[in-house]
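There are 2 protein chains.
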Amino acid sequence: MVQHSPTHFNASFAALADATRRGVLEQLARGNASITELADKFDMSLTGMKKHVGVLEQAGLVTTEKVGRVRNCKIGPCRLEEEIEWMSQYRRLWDARFEALDRVIEQLKSRDKPNVRKKR
Amino acid sequence: MVQHSPTHFNASFAALADATRRGVLEQLARGNASITELADKFDMSLTGMKKHVGVLEQAGLVTTEKVGRVRNCKIGPCRLEEEIEWMSQYRRLWDARFEALDRVIEQLKSRDKPNVRKKR
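Chains A and B, in that order, are what the protein sequence lines are.
Mapping of the first sequence onto this note's numbering: residues 1 to 120, in sequence order.
Mapping of the second sequence onto this note's numbering: residues 1001 to 1120, in sequence order.
Simulated from the structure, these hints should not be mistaken for lab results.
There may be inaccurate statements among the hints.
Unchecked claim - Only pairs whose alpha carbons sit at most 16 Å apart, straight line, appear in this in silico EDC-like list of lysine to aspartate or glutamate: (1) B/Lys-1074 to A/Asp-43; (2) B/Lys-1051 to B/Glu-1037; (3) A/Lys-74 to B/Asp-1095.
Here chain A stands alone, though its shape is the one from the complex:
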């Protein structure tokens, strides 16, 4: 499997494990927004949104910059490249396991065939 930093993966997957945070990412991928705008958009308190943005920032998925009294948010350097690679490799292992199982079943079926013919 992919060599990766366990701590980084823990942070990015934990950041994705919340519907609001995934929504914020989708939103920011379409355009920058302030924390106030995000709080309004997701019908949430400023404090609540600050926490969510903090979790995304820790994972490298969002960066923020304070301009005067406004904290602007944009998508961060992490574009989930390694995470997608890890999951794709897992899926390939998954497929390989079940294909192997299918082959065993096919072999068992073809082994049974001559007996079936004899009975006829």
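Keeping the supplied structure of chain A fixed, place chain B upon it in accordance with the hints.
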């Protein structure tokens, strides 16, 4: 973005946000194992491993079956298909945003060029 069940995504991403649980998935993708074997392999108490397997089972990533006193584990029906699709779409939006930014920079550069020539 992909239409998905928020609750399912919360569970699967939360399940992946732990290095031991990702290790257990990699292990089970290569072959079935009992909870006792997994606890030994990851140098963990039986109670600790039971909790991790429970989180993976809740997310559909692992299924377990009790045979006598042994609880056998194998990879579950969820092969992270929708999760990979959501993340890939996010990455495409990410790339599109930065490509758009690059184009703006290129346009600004080419607009500056005649002035630079005049100065020469």
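Tested hints:
1. Taking the CA atoms of B/Lys-1074 and A/Asp-43, the gap is near 41 Å; set against the 16 Å cutoff, the hint is violated.
2. Restraint check for B/Lys-1051 and B/Glu-1037: satisfied, since their Cα atoms lie roughly 15 Å apart, inside the 16 Å limit.
3. Note on A/Lys-74 and B/Asp-1095: the hinted pairing holds, with a Cα-Cα distance of about 13 Å set against a maximum of 16 Å.
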